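S.K.: Model the full structure from these sequences, guided by the hints.
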Amino acid sequence: MDDGVHVFAVVLPGLETIAARELAALGARTLRPAHGGVAFRVSPTGLMRISLRARVPTRLLVRLAEFRACSFPELFNKARRLRWEHYVRRDGEVHVRAESHRSRLLHSGRLQAVLRDAVHARLRRADATDGRPRELTVYLRMYDDRCQLSLDASGERLDRRGYRRYPGRAPLRETLAAALLQWLDWRAEQRLWVPMCGSGTLAIEGALMAAQCAPGVNHRFPFVGWPGFTLRRWRQAMARAERMRRKPSVRIHASDLDPRAVAWTRANAACAGVEEMLSIEKRDFFALDREGEQGVLLLNPPYGRRIGGDARALYARIGRHLAHAFAGWRCLVLAPDQACVQALGMPALDALDVRHGGRTIHAVQLIPGAPVAAAGA
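Positions 665 to 1041 (our numbering) are the ones given, in order, by the sequence shown.
Watch out, some of these pointers could steer you wrong.
[What the hints assert, rightly or not] Straight-line Cα separation of at most 20 angstroms, SDA-like style, residue types lysine to any residue; simulated pairs:
(1) Lys911 <-> Lys946
(2) Lys946 <-> Asp922
(3) Lys742 <-> Gly691
(4) Lys742 <-> Arg810
(5) Lys946 <-> Arg855
(6) Lys742 <-> Arg727
(7) Lys946 <-> Arg915
(8) Lys911 <-> Glu939
(9) Lys742 <-> Arg774
(10) Lys911 <-> Ala852
(11) Lys742 <-> Val760
(12) Lys911 <-> Arg930
(13) Lys911 <-> Ser943
[As the list claims (entries may be wrong)] Label pairs and their calculated CB-CB ranges:
(14) Gly937 <-> Arg984: 36 to 42 angstroms
(15) Arg851 <-> Asp781: 49 to 55 angstroms
(16) Ala991 <-> Arg947: 15 to 21 angstroms
(17) Pro891 <-> Arg732: 45 to 51 angstroms
(18) Ala987 <-> His759: 48 to 54 angstroms
(19) Arg761 <-> Glu853: 39 to 45 angstroms
(20) Arg732 <-> Thr1024: 32 to 38 angstroms
(21) Phe731 <-> Arg984: 55 to 61 angstroms
Calculated from the structure, these hints are not laboratory results.
Since the model is a prediction, treat every value here as computed from it, not as a measurement.
C-beta atoms are modelled at their ideal positions from N, C-alpha and C, and glycine is treated no differently.
M.R.: This is the structure we're talking about:
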């Protein structure tokens, strides 16, 4: 495996370009963005680094094999030839997630059972498998009678960083929050303000980025023990990630009118170890006035079920307030639909649509008060 492994990084649809840029910076090569993810190649050491430090992917899958399978016996025989003993112990637990499209083998339950049987048939004949993981999750995908097998290299979803003990209402995934900060090209030396902070995810992800905290340091990855993924290499990767951590002088402001949100943000920031980097207070966004100052503002208004009423009227009010209280700031606003984006009443520098929680979120970058030509440049 030292010559590299083929990996597919699963991301929220809409974040493929942002994820590809991040993965390239972390050493991935031959990147190929596709809907809902990015395929790439990397060494085992590089995948450890990406697993620890990438902020945008939801899951990392290592491609194991791809072959044609038009019958269940054919699937069984071809899968049984693979060297499963490299990835799981003989008495290990094997989980299979299966899906099928435009193929003769359609029944997901049967696909799961046949693949499990093939894996265990191989393991019963294998040499000693000491040192391999006790558990393995395999993703089986059938498309046009071709079977693609991938190994789960992430375990639990990577957006579950472990600090969000109080999720609040309709929270953003941590991976989306980090992607938005990267898309905005925010830097730690820039002032960051997050009104309507909810449970604090945007502010906390900003603090973690500024401190260069590797988001995967507390995550349990199932690949330790695979060929090339030795415990020694993993400990070295962890040590390098820890050495990169910084204590920046950045000050991030998070506020909300709801005292529960303020409490949630404080508790989550403490759990993430970044509470000293955040100024968290109960404040009404519409009472804030930072005219004459410069900075970056992130706004995720409580639209829809979180607030009720006319969302367009809320966004129109937000647009008016941004125009006089945050003129010249670089602002990122999330909206549930294009009507709300239009209601802001100002041109967008850039726009991004992301699938999140079963719906599309529209993100726009704005500079209130900028001339139309400059804003659209």
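S.K.: Holds or violated: lysine 742 and glycine 691, Cα atoms, limit 20 angstroms.
M.R.: At roughly 33 angstroms apart (the allowed maximum being 20 angstroms), glycine 691 and lysine 742 break the hint.
S.K.: Look at the Cβ atoms of alanine 991 and arginine 947 and judge whether their distance stays inside 15 to 21 angstroms.
M.R.: holds (19 angstroms)
S.K.: Is the distance from the Cβ of arginine 732 to the Cβ of threonine 1024 consistent with 32 to 38 angstroms?
M.R.: Check passed, 36 angstroms falls within 32 to 38 angstroms.
S.K.: Okay, proline 891 versus arginine 732 on CB: inside 45 to 51 angstroms?
M.R.: Since the Cβ atoms of proline 891 and arginine 732 sit about 26 angstroms apart, the hinted range of 45 to 51 angstroms is violated.
S.K.: With a cut-off of 20 angstroms on the C-alpha distance, tell me whether lysine 742 and valine 760 pass.
M.R.: OK: lysine 742 and valine 760 at ~16 angstroms, within 20 angstroms.
S.K.: Can the restraint linking lysine 911 and alanine 852 be considered satisfied, given a maximum Cα separation of 20 angstroms?
M.R.: holds (11 angstroms)
S.K.: I want to verify a distance hint. Is the separation of the beta carbons of arginine 761 and glutamate 853 within 39 to 45 angstroms?
M.R.: Check passed, 43 angstroms falls within 39 to 45 angstroms.
S.K.: Compare the distance between the alpha carbons of lysine 742 and arginine 774 with 20 angstroms, and conclude whether the hinted pair is satisfied.
M.R.: Roughly 16 angstroms between the alpha carbons, so the hint for lysine 742 and arginine 774 holds.
S.K.: For the pair supplied as a hint, lysine 742 and arginine 810, is the alpha-carbon distance within the 20 angstroms limit?
M.R.: holds (12 angstroms)
S.K.: Between alanine 987 and histidine 759, does the C-beta distance stay in 48 to 54 angstroms?
M.R.: holds (53 angstroms)
S.K.: Check the hint pairing lysine 946 with arginine 855 against an upper bound of 20 angstroms on the C-alpha distance.
M.R.: holds (19 angstroms)
S.K.: Starting from the range 49 to 55 angstroms, see whether the pair arginine 851 and aspartate 781 falls in it by beta-carbon distance.
M.R.: The hinted range 49 to 55 angstroms holds for arginine 851 and aspartate 781, with Cβ atoms some 53 angstroms apart.
In this structure, the earlier hints numbered 1, 3 and 17 are contradicted, and the remaining ones agree with it.
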